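Student: Sequence:
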Amino acid sequence: MDAAAVVERVVAVLEADADPHTVTELDGGHVGQVFALHFPRGESLVAKVGPTPLDVEGAMLTSLARAGLPVPTVHYADEDLLVLDYVDGDAELDSRAERDLARHLASLHDTTAPAFGFPYDTLSGPYDQPNPWTDSWVEFFGDQRLRPWCAAATSSGLPESMAERIDAIASDLGDLLTEPDAPRLVHGDVWEGNLVVREGRVAAFLDPACYYAHPEVELAYIEWFDSAGDDFFETYTDLRPLDPGFFDERAPVYALFPLLEHVRVFGSDYVPEIRDAVEAIGY
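Numbering (the numbering used here), first residue to last: -12 to 270.
It is possible that some hints are incorrect.
If you anchor each label on the Cβ, the simulated ranges turn out as follows [said to hold, decoys possible]:
{"#": "1", "residue 1": "-1", "residue 2": "23", "range": "13 to 21 Å"}
{"#": "2", "residue 1": "234", "residue 2": "168", "range": "16 to 24 Å"}
{"#": "3", "residue 1": "52", "residue 2": "161", "range": "29 to 37 Å"}
{"#": "4", "residue 1": "12", "residue 2": "227", "range": "34 to 42 Å"}
{"#": "5", "residue 1": "148", "residue 2": "-1", "range": "51 to 59 Å"}
{"#": "6", "residue 1": "106", "residue 2": "135", "range": "14 to 22 Å"}
{"#": "7", "residue 1": "-9", "residue 2": "227", "range": "29 to 37 Å"}
{"#": "8", "residue 1": "212", "residue 2": "52", "range": "21 to 29 Å"}
{"#": "9", "residue 1": "11", "residue 2": "146", "range": "41 to 49 Å"}
Rather than coming from a laboratory, the hints here were simulated on the basis of the structure.
Owing to the predicted nature of the structure, the values given are computational and were not obtained by experimental measurement.
Each residue gets a CB set at the ideal place from its N, CA and C atoms; glycine is no exception.
Required output: the full structure, derived from the provided sequences and hints.
Tutor: As structure tokens, then:
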């Protein structure tokens, strides 16, 4: 969709009394097109358009906002249009922002549910993320994360022999992972590209893939992506101590999930890293 068509639709659904004076296309990643719309009275909005069910993203952002996480306000959401506040950033994730990130996530992880999953299937990038309510975290992670994404990755270059080794890991998760005290809400896709940083704080979290999980899965994702360092982990563990063995034993298991996602999205370039991870786990 071209910019003029996006502007026309946004103005119509919001019943705006003026067209934006500036429209800039932003990086839309894998979800379609994204535009920044700046209006004469100083209001700035983001419009996302594309085939991904954007109403799901809007619902996830609303859920995270209710849990106290700073996210852009959702003004409109349907299957192929999402209109949000534009949140401006001016910095990268420095030590102050890392500590602020830790405080936000520790607070988010205080939000609990009776079971693992979510009231509806969510999204990870453009892909469906199944979230049936499940009483066991080990069962949920194996059946709703590792196995489905492993099966999808085989269509993008993951060898069948490696898929069999990952299935063996999924079968042994009861020995490799732990059950948390409660299912806790996670953002699900925290990396620098999904954070808006301003003046040493995280002004907004973007593009969630949320569900109720073991919060270790969120921390392992951040470590695997190398999104934050010692300032983040020291602040987080001061607020929510980690059980022994997280970094050496369980984080490598959790890292298989984003690795499989990357094979599915980007192809076989990530297969050697998966092989190394599987061997490090002992399979």
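Student: Look at each hint and say if it fits the structure.
Tutor: Comparing the hints with the structure gives:
Hint check: residue -1 to residue 23, Cβ distance near 18 Å, so the stated range 13 to 21 Å holds. Remark: the range hint 16 to 24 Å for residue 234 to residue 168 is upheld by a beta-carbon distance near 20 Å. As the Cβ distance of residue 52 to residue 161 is approximately 35 Å, the hint placing it in 29 to 37 Å holds. Range check, residue 12 to residue 227: Cβ separation about 39 Å, and the 34 to 42 Å hint holds.
Between residue 148 and residue -1 the C-beta distance comes to about 53 Å, which sits within the given range of 51 to 59 Å. A C-beta distance of roughly 19 Å is found between residue 106 and residue 135, which places it inside the suggested range of 14 to 22 Å. Distance hint check for residue -9 and residue 227: the Cβ-Cβ separation is about 48 Å, which falls outside the suggested range of 29 to 37 Å. Under the hint 21 to 29 Å, the C-beta atoms of residue 212 and residue 52, about 24 Å apart, fit the expected range.
Remark: the range hint 41 to 49 Å for residue 11 to residue 146 is upheld by a beta-carbon distance near 43 Å.
Violated hint: 7 only; the structure is consistent with all others.
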